[in-house]
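Protein chains in written order, with the numbering used here: chain A, 543 to 849; chain B, 543 to 849; chain C, 543 to 849; chain D, 543 to 849.
These aren't lab readings, by the way, just hints derived from the structure by calculation.
Note that the structure is a prediction, hence the values are computed from the model and not measured.
Careful: at least some of the hints might be erroneous.
Copies of one chain are not kept apart here, so a pair can be met inside one copy or by any two copies together.
Here are the simulated DSS-like pairs of lysine-lysine, each with C-alpha atoms no more than 30 Å apart in a straight line [stated by the list, open to error]:
| id | residue 1 | residue 2 |
| --- | --- | --- |
| 1 | 843 | 730 |
| 2 | 747 | 809 |
| 3 | 809 | 827 |
| 4 | 812 | 837 |
There are 4 protein chains.
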Amino acid sequence: MKDSDPDKHKWFSDHISPDLTALHRIKETIYSGRSKFQSVDIINTAGFGVCLVLDGKIQSSEADEFIYHEALVQPAMLTHPQPERVFIAGGGEGATLREVLAHKTVKKAVMVDIDEEVVNLCRRFLPAWHRNAFDDPRAEIHFADARKYLEQSSDRFDVIIIDLVDPLEQGPARLLYTREFYEIVKQKLGRTGIMSVQAEPAEWKNSDNFTAIASTLKKVFRIARPYRVHVPAFLGLWGFVTASQSLDPTKVAPEEVDARISSRVSKRLKSYDGLTHQGMFTIPKHIRQQLAANKRIITDKEPISAY
Amino acid sequence: MKDSDPDKHKWFSDHISPDLTALHRIKETIYSGRSKFQSVDIINTAGFGVCLVLDGKIQSSEADEFIYHEALVQPAMLTHPQPERVFIAGGGEGATLREVLAHKTVKKAVMVDIDEEVVNLCRRFLPAWHRNAFDDPRAEIHFADARKYLEQSSDRFDVIIIDLVDPLEQGPARLLYTREFYEIVKQKLGRTGIMSVQAEPAEWKNSDNFTAIASTLKKVFRIARPYRVHVPAFLGLWGFVTASQSLDPTKVAPEEVDARISSRVSKRLKSYDGLTHQGMFTIPKHIRQQLAANKRIITDKEPISAY
Amino acid sequence: MKDSDPDKHKWFSDHISPDLTALHRIKETIYSGRSKFQSVDIINTAGFGVCLVLDGKIQSSEADEFIYHEALVQPAMLTHPQPERVFIAGGGEGATLREVLAHKTVKKAVMVDIDEEVVNLCRRFLPAWHRNAFDDPRAEIHFADARKYLEQSSDRFDVIIIDLVDPLEQGPARLLYTREFYEIVKQKLGRTGIMSVQAEPAEWKNSDNFTAIASTLKKVFRIARPYRVHVPAFLGLWGFVTASQSLDPTKVAPEEVDARISSRVSKRLKSYDGLTHQGMFTIPKHIRQQLAANKRIITDKEPISAY
Amino acid sequence: MKDSDPDKHKWFSDHISPDLTALHRIKETIYSGRSKFQSVDIINTAGFGVCLVLDGKIQSSEADEFIYHEALVQPAMLTHPQPERVFIAGGGEGATLREVLAHKTVKKAVMVDIDEEVVNLCRRFLPAWHRNAFDDPRAEIHFADARKYLEQSSDRFDVIIIDLVDPLEQGPARLLYTREFYEIVKQKLGRTGIMSVQAEPAEWKNSDNFTAIASTLKKVFRIARPYRVHVPAFLGLWGFVTASQSLDPTKVAPEEVDARISSRVSKRLKSYDGLTHQGMFTIPKHIRQQLAANKRIITDKEPISAY
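Modelling step: build the complete structure from the supplied sequences, incorporating the hints.
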């Protein structure tokens, strides 16, 4: 069989909204099945290379996962003066863990993902994501509900990274986007820790979940800072929020970000540096107004949901 | 991993014309690659079960291949009084061979397909098609260009079945739909043999290739009889033509068809019987007029091509 | 503005089943709106010319409405020895009326369609369908529910043609596919009349409604005869059934059909003649078996529904 | 006819690349035709409201045209100390003109668009875009090739805004993205003027045209500043570049931007202000590297082209 596949007949349909569908050309379906919690596809798309797809949603792509994972992890890690103990909720691909372990200061990284099958598939099929981070002696992997785990644990953490699937109505992550969960996180961080969370699409006409997460975190923490990066495979801008009782990434100057990267990070970052840091937290007027306008507090009783 | 796959995100696009595309939901991609001659996909669709797809075109589906293969093989076989030696051009799935070998009269069936890789994939992945016909001692399989093979062979055949892929511009079957090829076939059949050929879509607004093949065969043979069956996975009516110097399927009465099936066929036919036979050769007026109007003779110099 | 439109960016999606969608290229949207009963689109497709679309389903196309309308009307009309009084339930485009009025024997044709807006749109935009049949002095048009109209009428009819939209769950035609409705029809036909009905897709893997309508009519009438034609714009075979206490189209020989067309029909038929008649009623074995197997009687309490 | 249209059957396909297609649901096709230069569609989409589509590409949408047009016009206008004479190349919708005329300093705005039919359609169907800007006494509209017009004109301008369709291979704008054209622009601006240009997609994996335009402008002008904003209807980040012999928008502080808006702009800006200004010019590391790496100079002989 020849190497190239000129076939243009298989497509992955990403239903962005009832009114908008994107069709990604599939070069190869590497894996397709269902875990105990969700449907799982690993497909090689013509546009973005290999993609992990859970419940029909692209989680990350070979082409641009670095943009997403550096954005999720680095602002919180570099805002903290000395992150030693890190907790990751979710993070199945292992790339969040990879970004955390690139920090020389880290002594222990606890990752809790509910879906062991997905993590095993990622270990097998996505080596470019995890780069063997799972085998780092500082890494500790548990398969459990991250909220329950955190609630029952007596550990404290310097940084908590929340890297979960969308809050689908029947999905496993719905109650990990609520005020109640963030209260638990706050308790584990104490006065000196910082969290960051992937916070759904953050675009004009599609920012309700992003602004509600930011609003909820502002209620729970003294400081909450929304930010955004563009992830091509998601066909748009993705939101994140850091939250802390004391730490504020917007107070760290670009030069200081660059200096901390130099001294603390053991690998080359491809997207994140001082200027990138400054740009992500600089939000245009029409989105700032949406952030100011959305007062919603997400609770266990009234959780958000993604399309 | 659970059994069922509720995922609705992978689609196979069948480009029927520049103005019409069908999207078939994919449950599973069983195989995807390229042989020396064509792209090959074996996909499990939600609508038609497992399908063999060559160069982006569905060749046959688990759900309805019996309609296609019985229609291709049985009229010629049952019109012949005593088919002992049968030649198959193409027929990669092995289902044409299966239909031929169901005839107790058959002593030898020679199948010549250009694409060994496709035949091997069919043997492996499509057992419901071939039902081990490849292992029948009466079967003889060659991997070669069927036209060249036939030209160089000194054998004579009672029945020749032509079961080729569409005449794509760059495809391997283009020169097996021409007057020159049919002249070779005629010579191998002699006065008493009969051929049948899959002859492309046979619908109002999409019958040019069907009527041209019928017209060409009428030029080469004394008797040429176009017929049609509905194959759901092809989303329409498919054309066939029998041709012979002496044998005419429309002269075989339904009761005689049923009697010959009884005495000569060793398995149950699911679609074909006397009435089915009568129906397939009864073509409605508007298509009869198209058959009468198309005088085109397909030649090596001016071959037809499929979209 | 130039004449030709090379644009390939607008598509009509015909959701044939949850697992199969067809995309027809739109050249022009002629009309788009909602009547009191259904959504209405009149679009010019690249593949089939102008199409009437109700509730997202193609009702008929410029390219092949003649196949559908001749098949719906002519078998019943020509089986009847002297059709003078004809009733049409539905038939908004006016093409069913056109086929009825082509019969010189007809003295009165009563058409009852529920949707006046649709009929007016068809009069305006689909002149090639109705050919001014609405203005024929023998035609009488009422806007009402055809079942209620027939129930309250004291008229008797020689032929009743039922040309309704699909039985959609919320659609206006649901209770016009039931035993109770057919009993009313039988009463209006008496011993000597005949009805015909469009009876949904009639394909292998998609024949449940067709076979249930046939089964129900067999229960109500002494004679019920299912038949099928291929309508390209519907991407498949369409079913019909005639029913009568005394008249049987399969007993009319092809030559007799041709003779009756000659003496009774005042226009050229493009698809229907004696041979076409014979072909449509000749159903292949696998569909005959489905017809025999489906014993369902459709009732007002348990109506059928279309996807 | 009812107001709402629940129909989900008409789609606009935006072919973003050979490997990615977006389907936008169409609520209504307002206009569809061809001008002398390009195909023209005005469609009401469910996701982004009314959209102007030229040669199959969305030019701007009701939902977010303000993001695009403020970004195209305001940085150059507000970086200039006193813009009185402004030239617009293209700008058919009239929204670019609207943004220019919102500046109290402007005495004359010359807009040159090649396509009179498109401009007339926009005047008629897109009042929310132009807001009668065409009727402002300071506006002067010409229908001509903007390059030829500028070449033959002896006028000088303070600001030149280049708002053209994509450089399609057969399209009208191909030679308005070249070094030769930018040399003409430079001459008309003199030492103290500034230009801005819409510069195609500006995303990781899709930035070749953006970085080539920036590279070409850097060659022609002393100062060239690329920037980006997110336009949801384009499903991504859109690039722009300002260029000048003396003026540098990145040297204008956010507070100064806000002050200039206050004193010089007669309407409320929805997206643009000091912080938005700072954010747009702050480009992340991976895109900065692509800008640095692309040394291509676009010329009349070797123009760029869009998919």
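Structure-based check of all given hints:
1. 843 x 730: within (23 Å within a copy, 60 Å between copies)
2. 747 x 809: between (37 Å within a copy, 23 Å between copies)
3. 809 x 827: between (35 Å within a copy, 15 Å between copies)
4. 812 x 837: between (35 Å within a copy, 21 Å between copies)
In the structure shown, no violation is registered for any of the earlier numbered hints.
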